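The listed protein sequences derive, respectively, from chains A and B. Just so it is clear: in the first sequence, position 236 is 242 by my numbering, and no numbers are missing. Just so it is clear: in the second sequence, position 93 is 99 by my numbering, and no numbers are missing.
Treat the hints as calculated values from the structure; they're not laboratory data. This one's a predicted model, so the numbers in the text were calculated from it and none came from an experiment. Glycine included, each C-beta is placed from N, C-alpha and C at the ideal position. Hints may be right or wrong, so weigh each one.
Computed footprint of chain A on chain B; a stretch qualifies when at least three of its residues, placed anywhere within it, have a C-beta under 8 Å from a C-beta of chain A [said to hold, decoys possible]: (1) 62-72; (2) 245-258.
Here are some of the chain B residues that sit facing chain A, going by a computed Cβ distance under 10 Å [claimed, not checked]: (3) His8; (4) Pro12; (5) Asn108; (6) Met113; (7) Gln115; (8) Gly232; (9) His238; (10) Thr240; (11) Glu274; (12) Tyr303.
Okay, here's what each chain looks like letter by letter:
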Amino acid sequence: MRLLALLFCLVALPVHAEEVVADLSQNHISITTDFHGSEILIFGAVKRETPIETDAPLQVLVTVEGPSEPLTVRRKDRRFGIWVNTDAARVDSAPSFYAIATSAPWKEVITEGEDLRYHISIPRAIRSLGALVTDREAFTEALIRIRKAEDLYQTNIGAVEFDEQTLFSTSVQLPANLHEGDYRARFFLTRDGKVLDVHETYIDVRKVGLERFLFNLSREQPLVYGIMSLAIAIAAGWLASAAFRLFRT
Amino acid sequence: MHVYLPIAEVSVNAFLLLGLGGMVGVLSGMFGVGGGFLMTPLLFFIGIPPAVAVATEANQIVASSFSGVLAHLKRRTVDLKMGTVLLIGGLIGAALGVQLFNTLKAMGQVDLLVKLSYVVFLGIIGALMFVESLNAIRKTRGGRAVPKRRKHGLVHKLPMKMKFRTSGLYISVIPPVLVGVFVGILAAIMGVGGGFIMVPAMIYLLGMPTKVVVGTSLFQIIFVTGFTTLLHATTNYTVDIVLAVLLLVGGVIGAQFGTMIGAKLKAEQLRILLAIMVLAVCGKLALDLLLQPTELYSLGAAGGH
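This is chain B alone, in the form it adopts within the complex (with noise of 0.2 Å):
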């Protein structure tokens, strides 16, 4: 069956969508990642324009983390005052985000900056995650315990401290704002919600507890999505809300199996496994770049050149 989008004006398989979506949400159930670092690059594969498919999944991120926060708030596992501060750093970079991405592309060269923030950003995450959960396999055979460090660094030092009283922690606001900043680019750019990059930041960097980095990573998330959705809406009318509500649908119920598959694998085994597929991803996307296209040339929109 096959679905006419209205924004994105192509006809695609409805059937692919919600596969596509169940696949995608499988694996974020699995290894309790957003997923967006995977969609948006399907989406591109399968033939939606990278504009549409990059503010559409923002759209769809807010939803698939909605109830996660929900949850959360009622554990009582979400940092608010940490999560504000974040929000507030998420805002700012969002907006410039958009911009960077409405500049580049009159310039033609939105899909490089997409494809080479993917391959930059993959590439990084993907490695780091397999060295560390290769070491954490290698140590727990070995029968040793990781030895815990409290680290006093940067965020110590820097100016206009605060007290975040759910985390334990009095540190600068710097910090924060700026992760915040770099992840709301990220997520204007990339159409992912940043909780890959977020979550390693604030456990080595801002060293917040890990009961609530999962639960305030997704708070500051659905806020700073949900502004990039409005922000291309109004700018770029690129959101399409028959795409986004058919990959949700398959995506809900595909994260259901996923949490079930999940509880049965060991955590290290899942982090080798998700690195795997990140650095597939990466990989593909870094061949694209690399090798000769079989069509060099494309079509945009008029203005600029």
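One chain only, chain A, in its complex shape (with noise of 0.2 Å):
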């Protein structure tokens, strides 16, 4: 019997001994006309093939991405008297939007080394390698205000209901000035700050409809695009001029 388990042991050792299984509520976003911010529900359970064998407590840890872009980070200085942007430092890649959520404080979810091994805190998310400024933390801390304060930026510490070790859920709340894009979703399951397993899953984030229509023929056809805004405006204008001497008589 014993040696059947320690047989067990090491066949089972080599592949992951939890993994981590997760869905969202939504695959696709669709950015409409009338839309204000939306709610991801989250929810997921580990899957094990064996009984928990310590004492220390999985931890669950989820990040929601949205795509990164290259961007300018500028400071303002009193220059004659007026507030002038001088400084300037380039962020190589920041996400446009980014959410986390963990199962406890974030010493007890994961150490510092696996932090900058999977890019997990805000902070790793963002990359800025040539900057010209020497102060870069000042930017790239301002840069992290700024998003948090639109709510572009979460850190939700202990936001992820875990149950029993197994199931667990959370919700993440999509902001009203969201970008187009693939946004990514990852699932860590850490045990003493390591992590075991990572899930993957992404969401699509799109614009739809007349969203979708007026924004590409701005990039893609700008001329026509600027001479049906002007169509479109006179007409607007003239229908609404005519509609009030209409209900005025």
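Fit chain to chain and form the complex, with the hints in mind.
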């Protein structure tokens, strides 16, 4: 019997002893004209072949990340009595949206080394190599501060509900000022700060209908879009005044 | 009810936009001004990116001036020849202005350029208007008539003279072209029609009769702002049609009410009110530049440094 158990362990060891499986309430988000944010429900479970062996609790960490883009962060300074942008730092890649939810305080969920390896925390998710200024930290901090104020960056410590070391759930609030693209959701299963398993899935955020048509036209056929804008605006202005005149008489 | 603006990529309350359009429309109907100089800073305050605000406002001005031009053409109060000369200058100015706008945008100084232009021009125009209408009120109270002078300045000495029959002028084309260039640059940078600069310039600098001034300036404005809209749409992709239509519908209806209110007030009172309003907007923008902002840092698209 003991031999059998040992044999079983040996077979099970090379593969993940504990795996994370997860899903989202929606994989497509449509940005329509009346879009004003959306909530994504995230739920999942830990799949295991053997019973839990250690006392150290499992932890879950969820990140949702929007498409990354290069940015310029500028700082104002007083020149000739007025406040003017003076210094600038280029950020090579910063996610347009980034949310983290954990099942416990940060230190208990993940170690510094694992964070560095998987680019999990917000400062690690931002890459700025070729910055032009000496105090690069201040610019990165400012970027995070500004985006946090707009709810584009969120850190929700303890927001993942984790039951019986098996079932977990959380939700992520997507704000109204969302950019389109493929949003990546990552699920980390950790113990003692070490990552045991990672699962990834994507959320497709797209403008649809009129929004999609206007945006595409403005990028692909800017001249046609410009002429159309003028025509529509003139027609709308004329109609509004005609309607008003009709209303008054 | 929130609407997601496809180009600005922000979600804004539709009634707020209709209301803003309506409010500026009332004022523009009352005072007979385009209102671009009020609308663009208000759009900054509600969080529309400045580049989108400026480009979209140009689009809106074309539409709101359109019916005005038709009315003036019907009444034959448009000097088409002078309008065309001003327009040629305006198109050159708009092209230069958009170029300047894009260069400074890459340098991260476009906000400063737009705000400084507003502070300088609103400050000058507001102060002049305030002093002039105060004097006018004092004079009408004193019962003395304002002496009328006919200027014979630089406009008559320069070469390339041309006859403008509708205005009854025989002057060099250089000053009107320069006025046009200047207004074109302002239209591109500030998202305004530029009537507030052009009308005084036409009366005091070119000596045009007052009855053709408004129609001719509107004629120039719709083409210059139309051209500016197309330039912004093709180089910056910053014209938001949904935003423009919402502002416009509010604006057109507001303007009708404004005209009714304006008819009940005296011209001098109207002008002094307008002057106070212009100075208030100027003061708000000046404070933004002078006081230390709460957030010293700002984010911009990559490119340049």
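- Query: Honestly, which of those hints from before does the structure not fit?
  - Reply: 5, 11
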